[in-house]
Structure formats: C-alpha cells, structure tokens
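There are 2 protein chains.
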Amino acid sequence: MSDDPLALERQVCFALSVAARSVVAIYRPLLEPMGLTHPQYLVMLALWGDSPLSVRRLSELLQLDPGTLSPLLKRLEAIGYLRRERDPADERSLAITLTESGQALRAEALKIPPAVVAKLGLPIEDLQRLHTSLTQVIAAAS
Amino acid sequence: MSDDPLALERQVCFALSVAARSVVAIYRPLLEPMGLTHPQYLVMLALWGDSPLSVRRLSELLQLDPGTLSPLLKRLEAIGYLRRERDPADERSLAITLTESGQALRAEALKIPPAVVAKLGLPIEDLQRLHTSLTQVIAAAS
DNA sequence: TACCAATAGTTGGTGTACAAACCATTGGCC
DNA sequence: GGCCAATGGTTTGTACACCAACTATTGGTA
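Same order as they appear, the protein sequences are chains X and Z.
Using full-length UniProt numbering, the letters of the first sequence map in sequence onto residues 1 to 142.
Using full-length UniProt numbering, the letters of the second sequence map in sequence onto residues 1 to 142.
Derived from the structure by calculation, the hints contain no laboratory data.
Fair warning: there could be bad hints in the mix.
Copies of the same chain look alike in the list, so a pair counts if it fits in one copy or across any two.
20 Å max Cα-Cα, derived EDC-like pairs, lysine to aspartate or glutamate [as the list claims (entries may be wrong)]: (1) Lys119 / Glu91; (2) Lys74 / Glu100; (3) Lys111 / Asp4; (4) Lys119 / Glu32; (5) Lys111 / Asp3; (6) Lys111 / Glu32; (7) Lys111 / Glu9; (8) Lys74 / Glu60.
Work out the full structure: start from the sequences and follow the hints.
Quick look at the structure:
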C-alpha cells in the first residue's frame, strides 16, 4: 500500500462511501418489488418499531434532515403506506402512522435482512464487528 | 438490544449509511474553504494520484456512475481545478488533467486527513480495522 | 393579554446518485 | 471501403441530502 496520505485507497471515508453505496445497491432489487427505496425502507423500519412518529422524531432516529424527510414522507403517503395527519395536541407536529397496507408490508420485509446477508456471503460475526465499529464512528462523529 | 430482525439499530446498512453521512459531514467544513464537496475531493485525490484520467477510468476508481461524474467534472472545470479535453488518440474519450490551480490545491489537502482523524478522536488502529472490514464488504458486495 | 422567541414542517436551491435513452467515434468484418 | 456492434460520454428523470429562508403554531413572560 502507498505511503501517500492522500492515496485514495487509504481514505476511510472513501471506503465508507463506497461500502454504503454498494450495500444499498444490494437492497435495491430486493426493495423494488415493494416499491421502496432504501431511505424509504428505513422510514418504514422506524414506523414498524414505533408509531405514530413525528417528522422531528424520525429525523432524530434516522439522522436525516427534516427537509429530506418531508418529500420522502409524501411519496410514502402517495403510494399508500402511511398517513400524515396533524397532531391534535400540537398542530405544528405531524402524526405519521402506518396504513393497513403499510402494516402488511412488514411480513414481506422480514425476508430482506436474510437475503442481504446471503448476498453478501460474509460471516455474521464479521458483520457484527463491523456494526460495532460503525456505531463507534457514528458516536465519534456526532 | 432488541431481538426483532427489523429493529433499526440492528441494521448494518443503516449504520453504514449514517456513518458515511456523519463522516462526510466532518469533511464539509474542512473542504468548504477549498470550494470542494466530498465527491469532488475524491475526484481530486484520484487525479493527484494519476493524471490524465478518462471518465471511464474515474468511474471505475471511484465506483461512481459516468452520469454522476459528467456534471461533477464540469463543475470542477468551471472553478478551474481541471481541464476536460478529448483524447487525440480516441476522440470518444476525455483526457482529464489538473490545472496549475488544481495541482497547487494538493498542498492544502494534505491538512485534511489529520484534521479528520483529530475530529473523530478515534485510535488509528480502530480506523485501520474499520477500513479492513469495509474493504471486505465492498469486495463481497461487488 | 399581547408579544415574542422557540419549535415543527415546508420550500427552494445546489449537488450528488443511478438508470435509461441518446449521440459520436471506433474497430472489426464481410 | 462500408456496415455495425461495441465503447465513451452526455442528457434526462427521479430520488435523496443538506442548507437557508419561510410559515404556522405554541408557550413563556412582561
């Protein structure tokens, strides 16, 4: 390996970007039949875990800008997976809830993680270790 | 930790996406004085390592779509860091070369990696280990 | 109670990111 | 030499992603 500190192959951030894009690319064909993109899938995961959620709360959970979530949520509403209603207790806030269809999708989604792990073909322990490292980095970067 | 296979905090891909975005966010204020975004910085790294490069070659090196690179390269040309000229040997191909200004920028860029490592505050060995894991994942996903 | 800073979402602008359609050049091959 | 599939880039359309500016509601406080 090169000793140049600016060598492309030495940059952790480059590896991080490429890895993220590559893994998202594995999800793409798996999510396509469900009509979801990867960020949309993450929103659904959050809502399957806890509902209703506000845009603010989603933004914290997914570490995404509200300005990114706003149109994304409208698209999920348009395809019928969720509802966006004002919270009666605080009219500023949105109460985002799953529709029947959105609830039902969870059964399909259960197939996704094993399919991804199979495609990657890496030992679970490696993935676990990676997850731990990534969590460290996220904590350090925030 | 939850035993739900769809729990957000268990998804490696979620951690990967958030980590990538978080680390890019660390670069942002460092690159801003140079007038570069993170992907543009990666292109510059590639060119500092080897020049001239074609769009095709850059696309392989950075694992980015030519359709993504095309406008990005025009922006880098517009701010004067590189030149896009047809390769006389093959008029289909672009020969992308650095300008004086682009060459000179390398000296500034040398400050970036240590600054990022400092901001992260993680031991180098951890980053090295992470890099190894990521390289594995990239290989597995391709 | 009337103001006003804080909070929740939305919108608009710039820059990726990818897929598909497109255009020009090239290199075989009859 | 002339056709034609392959190759290299560009363009278009959709969807993030972030920032800054904006609107509407809320809650404290003079």
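| said: Could you work out which of the previously given hints the structure breaks and list their numbers from low to high? | reply: Violated: hint 1 alone.
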